[in-house]
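Trainee: The lines below spell out each chain.
There are 4 protein chains.
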Amino acid sequence: MDRTWEKSRVEAFSDGVFAIAITLLVLQIGIDPDAFADPWRALADEWPSYLAYVTSFLTIGSVWLAHQRLFARSEALDGVTVRLNLLLLLAVSFLPFPTALLAESLDLSRASERAAVVVYGGVALLIELVLALLMRRAGERHWRVTVRGVAYAAAIIWAISLVPTAAAFAYLGVAVYAVASSRGAGQLIPHPRREE
Amino acid sequence: MDRTWEKSRVEAFSDGVFAIAITLLVLQIGIDPDAFADPWRALADEWPSYLAYVTSFLTIGSVWLAHQRLFARSEALDGVTVRLNLLLLLAVSFLPFPTALLAESLDLSRASERAAVVVYGGVALLIELVLALLMRRAGERHWRVTVRGVAYAAAIIWAISLVPTAAAFAYLGVAVYAVASSRGAGQLIPHPRREE
Amino acid sequence: MDRTWEKSRVEAFSDGVFAIAITLLVLQIGIDPDAFADPWRALADEWPSYLAYVTSFLTIGSVWLAHQRLFARSEALDGVTVRLNLLLLLAVSFLPFPTALLAESLDLSRASERAAVVVYGGVALLIELVLALLMRRAGERHWRVTVRGVAYAAAIIWAISLVPTAAAFAYLGVAVYAVASSRGAGQLIPHPRREE
Amino acid sequence: MDRTWEKSRVEAFSDGVFAIAITLLVLQIGIDPDAFADPWRALADEWPSYLAYVTSFLTIGSVWLAHQRLFARSEALDGVTVRLNLLLLLAVSFLPFPTALLAESLDLSRASERAAVVVYGGVALLIELVLALLMRRAGERHWRVTVRGVAYAAAIIWAISLVPTAAAFAYLGVAVYAVASSRGAGQLIPHPRREE
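Protein sequence lines, in the order shown, are assigned to chains A, B, C and D. Number 0 in numbering that gives the first Met the number 0 belongs to position 1 of the first sequence; there are no gaps in the numbering. Number 79 in numbering that gives the first Met the number 0 belongs to position 80 of the second sequence; there are no gaps in the numbering. Number 40 in numbering that gives the first Met the number 0 belongs to position 41 of the third sequence; there are no gaps in the numbering. Number 61 in numbering that gives the first Met the number 0 belongs to position 62 of the fourth sequence; there are no gaps in the numbering.
Hints in this document: simulated from the structure, not taken from any laboratory. Please note that the accuracy of each hint is not assured.
No distinction is drawn between identical chains; accordingly, a pair holds when it is met within one copy or between any pair of copies.
In silico SDA-like pairs for lysine to any residue, Cα to Cα no more than 20 Å straight-line [to be verified]:
id	residue 1	residue 2
1	6	118
2	6	72
3	6	138
4	6	178
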């Protein structure tokens with residue numbers, strides 16, 4: 000026997016965790032004061048940090064976009080959904096760690112790049128998996144999430160066997176695709192921009 | 000004489016503090032760039048950080064789950080409840096400190112492990128105590144919270160006299176049990192998964 | 000000519016800033032891994048951090064409690080109120096800096112203690128001043144805020160001329176008094192605990 | 000074909016990101032314990048940090064004020080608006096990095112000051128650009144945003160060719176102007192302070 004949970008608090012808490020995780024990402028970017036003798040070079044050398052920032056921002060952003068569809072049709076949530084949602088938040092708020100790994104290890108050594116890319120891909124894969132489970136439970140179509148999951152798995156294998164840095168850019172591509180392909184949960188709009 | 004407090008703002012503020020405390024936990028995980036010569040070993044050596052992250056995430060998560068029942072039946076809150084709730088938030092947002100202690104001290108020395116485990120258990124015990132007081136005030140059954148309190152007290156004694164690391168795993172067990180045994184505050188659902 | 004602002008978003012944003020500022024306070028507490036050879040002593044030496052944490056937590060908590068009364072009677076907010084509120088948030092989210100100053104400088108030297116206590120008192124005084132202006136605008140009685148302002152001013156003078164550490168404890172006293180004396184904005188409750 | 004997005008969750012998530020970004024700004028301010036031998040001098044030497052803090056606080060605050068007008072007239076949001084909003088949040092939550100750059104580089108060397116001021120201005124310009132696009136989409140007048148955009152562009156050119164530090168103060172001026180000139184989205188109030 001189970002009792003329902005209040006949708007509004009689960010959404011407010013989830014939005015809070017997404018908003019904080021997405022905003023903490025910037026803390027991994029920083030330039031050593033000693034490197035400021037040649038400031039433009041120091042700024043340019045930080046490119047892995049910028050790549051990691053934009054990739055993780057869009058990854059978490061796309062999870063937030065997908066999350067809006069999850070509970071749109073339900074009034075109250077059952078216990079399994081609430082716990083799966085907690086697992087999703089656990090994985091999302093862990094993402095700043097592999098993001099920092101990626102930012103530190105790109106351009107350092109092939110071995111460290113490979114490790115960082117595999118860990119990042121593993122966490123992203125876990126996020127997609129839990130998201131797919133939640134979507135299935137909510138009766139939503141989840142083939143887009145599955146496509147992303149396969150893309151992450153392919154990028155991880157690629158990273159292990161070939162060029163890790165390319166896999167990092169693949170993660171950015173998957174995140175851009177995820178943000179671009181998200182759909183809202185409300186009314187259909189028949190191309191509102193076309194009449195202009 | 001006392002005046003009531005608005006439930007919606009107390010819930011929004013509490014959800015905010017829970018969401019931030021749970022998301023800040025990841026900041027204690029980090030790998031020294033020098034250790035990146037052997038990246039997989041450096042990642043494996045961070046196991047106390049992962050253990051501390053998951054334990055504290057589930058501990059705060061279970062407090063948030065329990066918190067949803069607290070004010071479900073009341074329209075407005077009295078002054079004692081609002082102040083007890085502030086004390087609960089004080090203890091919860093302090094938890095990232097013992098979490099970092101645990102992550103740093105496990106695998107360091109027996110004395111430091113013992114200190115970290117006792118401090119962590121003490122803060123967890125305080126959280127359970129304030130939660131039990133709040134539940135009693137709200138007319139909710141609080142025997143689950145009491146069970147957790149006894150489990151924390153037992154783990155602290157265990158840590159002082161025997162194996163501190165085992166107590167750290169005990170905290171994880173208590174948190175998993177707390178998340179698994181939480182119940183919502185809404186309608187009864189008669190086994191919704193059984194009809195499938 | 001001016002237009003009103005939406006109360007709900009101003010409250011949500013303010014609750015967010017209060018919740019984050021109060022949760023960031025814990026980040027100033029940390030023990031150097033080298034000090035872990037004697038863990039209990041290292042934990043005890045951190046007492047200025049605990050004092051600063053509890054003081055600032057209760058200070059921000061009391062501002063949040065007072066903030067709930069501010070907009071309780073108004074449906075929409077005018078431009079001056081919204082800007083004063085932004086100034087209040089600027090001062091509140093600055094508080095983690097003097098909190099860290101206090102934690103670092105107590106027990107270090109008389110000169111550094113004095114500086115930290117004066118800066119802390121100055122920021123607290125600014126918070127009370129803006130809060131009093133907001134309360135006056137909202138038609139609320141603000142003598143409690145004024146009392147706190149005078150207490151902060153007295154503690155600053157005390158710190159400059161006599162014992163800075165005692166002023167730090169005075170700030171804790173003011174914050175405890177502020178939390179204890181706050182009143183809700185809702186219905187009157189005729190001593191709900193007396194009938195038990 | 001597109002579906003609408005829920006305005007309430009987009010606003011809640013945006014308010015969360017604004018609140019966190021604005022509160023994280025304080026983390027870049029800190030005094031080295033060694034500098035505490037001469038505490039007042041150490042506090043005075045931190046002036047670039049205070050300047051950067053207030054400038055970025057007011058910059059983000061003004062974006063939040065402008066953001067309240069954006070969705071005031073719409074019930075639901077289309078996909079382009081939701082994605083532009085995500086881009087706005089990406090730029091806003093990146094601002095703590097140029098803020099830290101500014102705080103570190105002012106008073107260091109002319110080359111580092113110039114770099115920091117140009118990067119800061121570039122991010123501020125991006126924020127204004129996305130805000131102008133969002134305002135145009137919402138049918139709001141955006142000439143104020145355009146004025147700010149031109150002011151940022153002028154300050155960047157000034158910084159490259161002449162005095163970088165002066166450009167940093169120009170950013171503060173633009174932010175103060177932006178906060179002062181924001182208007183609410185609700186009812187007209189016919190000079191409520193004049194009747195007093």
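Trainee: If a hint holds in the structure, say so; if it doesn't, say that too.
Mentor: Here's how the hints hold up against the structure:
Proximity of residue 6 and residue 118 under a CA criterion of 20 Å is satisfied in neither setting, with 32 Å inside one chain copy and 35 Å between copies. Both within a single protomer and between protomers do residue 6 and residue 72 lie at most 20 Å apart by alpha-carbon distance, with minima of 11 Å and 16 Å respectively. For a Cα distance limit of 20 Å, the shortest separation of residue 6 from residue 138 inside one copy, 16 Å, qualifies, whereas the shortest one across copies, 23 Å, does not. For the identical chains of this complex, residue 6 and residue 178 are inter-copy neighbours only, at 17 Å across copies versus 24 Å inside a copy, given an alpha-carbon limit of 20 Å.
Hint 1 alone, counting from the list given before, is not met by this structure.
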